[in-house]
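**Student:** First to last, the sequence lines map onto chains A and B. The first sequence begins at 1 in my numbering and counts up by one. The second sequence begins at 1 in my numbering and counts up by one.
Derived by calculation from the structure, the hints in this document are not laboratory data. Keep in mind that a hint or two might mislead.
[As the list claims (entries may be wrong)] Below, a sample of chain B positions facing chain A; criterion: calculated Cβ distance under 10 angstroms:
no.: 1; residue: P8
no.: 2; residue: Q37
no.: 3; residue: M41
no.: 4; residue: G42
no.: 5; residue: S94
[As the list claims (entries may be wrong)] Below, a list of computed lysine-lysine pairs in the DSSO-like style, where the Cα atoms sit at most 30 angstroms apart:
no.: 6; chain 1: B; residue 1: K9; chain 2: A; residue 2: K45
no.: 7; chain 1: A; residue 1: K79; chain 2: A; residue 2: K42
no.: 8; chain 1: A; residue 1: K45; chain 2: A; residue 2: K79
no.: 9; chain 1: A; residue 1: K42; chain 2: B; residue 2: K14
no.: 10; chain 1: B; residue 1: K71; chain 2: A; residue 2: K45
no.: 11; chain 1: A; residue 1: K42; chain 2: B; residue 2: K57
no.: 12; chain 1: B; residue 1: K71; chain 2: B; residue 2: K9
no.: 13; chain 1: B; residue 1: K57; chain 2: B; residue 2: K9
no.: 14; chain 1: B; residue 1: K57; chain 2: A; residue 2: K45
no.: 15; chain 1: A; residue 1: K79; chain 2: B; residue 2: K57
no.: 16; chain 1: B; residue 1: K14; chain 2: B; residue 2: K57
no.: 17; chain 1: B; residue 1: K71; chain 2: A; residue 2: K42
no.: 18; chain 1: B; residue 1: K57; chain 2: B; residue 2: K71
Quick caveat, the model's predicted, so the values are computed rather than measured. The beta-carbon is built from N, C-alpha and C at its ideal position, and this holds for glycine as well.
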Amino acid sequence: RKEVEQDPGPFNVPEGATVAFNCTYSNSASQSFFWYRQDCRKEPKLLMSVYSSGNEDGRFTAQLNRASQYISLLIRDSKLSDSATYLCVVNMQGSGGGADGLTFGKGTHLIIQP
Amino acid sequence: NAGVTQTPKFQVLKTGQSMTLQCAQDMNHNSMYWYRQDPGMGLRLIYYSASEGTTDKGEVPNGYNVSRLNKREFSLRLESAAPSQTSVYFCASSQQGTGANVLTFGAGSRLTVL
Chain A
1 RKEVEQDPGP FNVPEGATVA FNCTYSNSAS QSFFWYRQDC RKEPKLLMSV
51 YSSGNEDGRF TAQLNRASQY ISLLIRDSKL SDSATYLCVV NMQGSGGGAD
101 GLTFGKGTHL IIQP
Chain B
1 NAGVTQTPKF QVLKTGQSMT LQCAQDMNHN SMYWYRQDPG MGLRLIYYSA
51 SEGTTDKGEV PNGYNVSRLN KREFSLRLES AAPSQTSVYF CASSQQGTGA
101 NVLTFGAGSR LTVL
């Protein structure tokens, strides 16, 4: 079983819609979870960390489901500028692990259509 | 505020040639990383340096060497390039401690080996 799995998409979504995608991880001891965003031919950039209680940043909401071992990202009122690839990132080293323990998913490609 | 700077941005090599990718960060980060990104494979860690003077292998180190020249600079060397090393290479850096999982990436170096 792959360590971090994402639906590659593409997800084609009309502007203004709500879109959500999940990411599953295999290591139940994982403690740290993140969403990174990568624009076409650019470097990945941190979008948000994912906390146990869930967290929200403007139109973006991230949640963690430890029992089912997945994290989710919800984007409300989607904008054209949200078009990108969203990378799920999990630290397999557990709490306090360094970034060398980070495992990247292959990404979900999101296209917001006008 | 430059962040992480990589050079060169593009390079074409012939099989068997050698080259060095340069990376420098100006954020006073302790840890630095080299990743490669291939279509359908996601980001994979090649080597990392948790602090100045130390380097460790990541997931895919074969065919590469690294040097942590000082706190700012971390270079990646291909001694004898192979077509399988055609990829996009990203350098990244992070703080230690609670900031360890937040990576700041360079803009990437696109390498083609013929």
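**Student:** Against each hint, give a clear statement of whether it holds in the structure.
**Tutor:** Hints versus structure:
Interface restraint check: B:P8 against chain A, minimum CB-CB distance 15 angstroms, threshold 10 angstroms, status violated. Hint status for B:Q37 relative to chain A: holds, with the closest Cβ pair at about 9 angstroms, below 10 angstroms. At a threshold of 10 angstroms, the smallest CB-CB gap from B:M41 to chain A is about 7 angstroms, leaving the interface hint in force. Of the supplied interface hints, the one on B:G42 holds, with its beta-carbon coming within about 4 angstroms of a beta-carbon of chain A, less than 10 angstroms.
With its C-beta approaching chain A no nearer than about 5 angstroms, B:S94 sits inside the 10 angstroms limit, and its interface hint holds. At most 30 angstroms may separate the alpha-carbon atoms for a hinted pair to count; B:K9 and A:K45 meet this at roughly 18 angstroms. Of the supplied pair hints, the one linking A:K79 and A:K42 holds, its CA atoms being roughly 19 angstroms apart against a limit of 30 angstroms. Simply put, A:K45 and A:K79 have alpha-carbon atoms about 18 angstroms apart, close enough for the 30 angstroms limit, and the pair holds.
Of the pairs offered as hints, the one joining A:K42 and B:K14 holds, with about 25 angstroms between alpha carbons and a cut-off of 30 angstroms not exceeded. Simply put, B:K71 and A:K45 have alpha-carbon atoms about 22 angstroms apart, close enough for the 30 angstroms limit, and the pair holds. Among the hinted pairs, A:K42 with B:K57 is consistent with the structure: their alpha-carbon atoms are about 25 angstroms apart, no more than 30 angstroms. Straight-line distance between C-alpha atoms of B:K71 and B:K9 comes to about 22 angstroms, which keeps the hinted pair within the 30 angstroms bound.
For the hint linking B:K57 to B:K9, the alpha-carbon distance of about 24 angstroms falls within 30 angstroms, and the restraint holds. Taking the CA atoms of B:K57 and A:K45, the gap is about 23 angstroms. The hint holds against a cut of 30 angstroms. With a CA separation close to 40 angstroms, the supplied pair A:K79 and B:K57 exceeds the 30 angstroms bound. For the suggested pair B:K14 and B:K57, the alpha carbons sit about 25 angstroms apart, so the restraint of at most 30 angstroms is met.
For the suggested pair B:K71 and A:K42, the alpha carbons sit about 25 angstroms apart, so the restraint of at most 30 angstroms is met. Proximity of B:K57 to B:K71 is assessed by CA-CA distance (about 18 angstroms); at most 30 angstroms being required, the pair is judged to hold.
Violated hints, in rising order: 1 and 15; the structure is consistent with all others.
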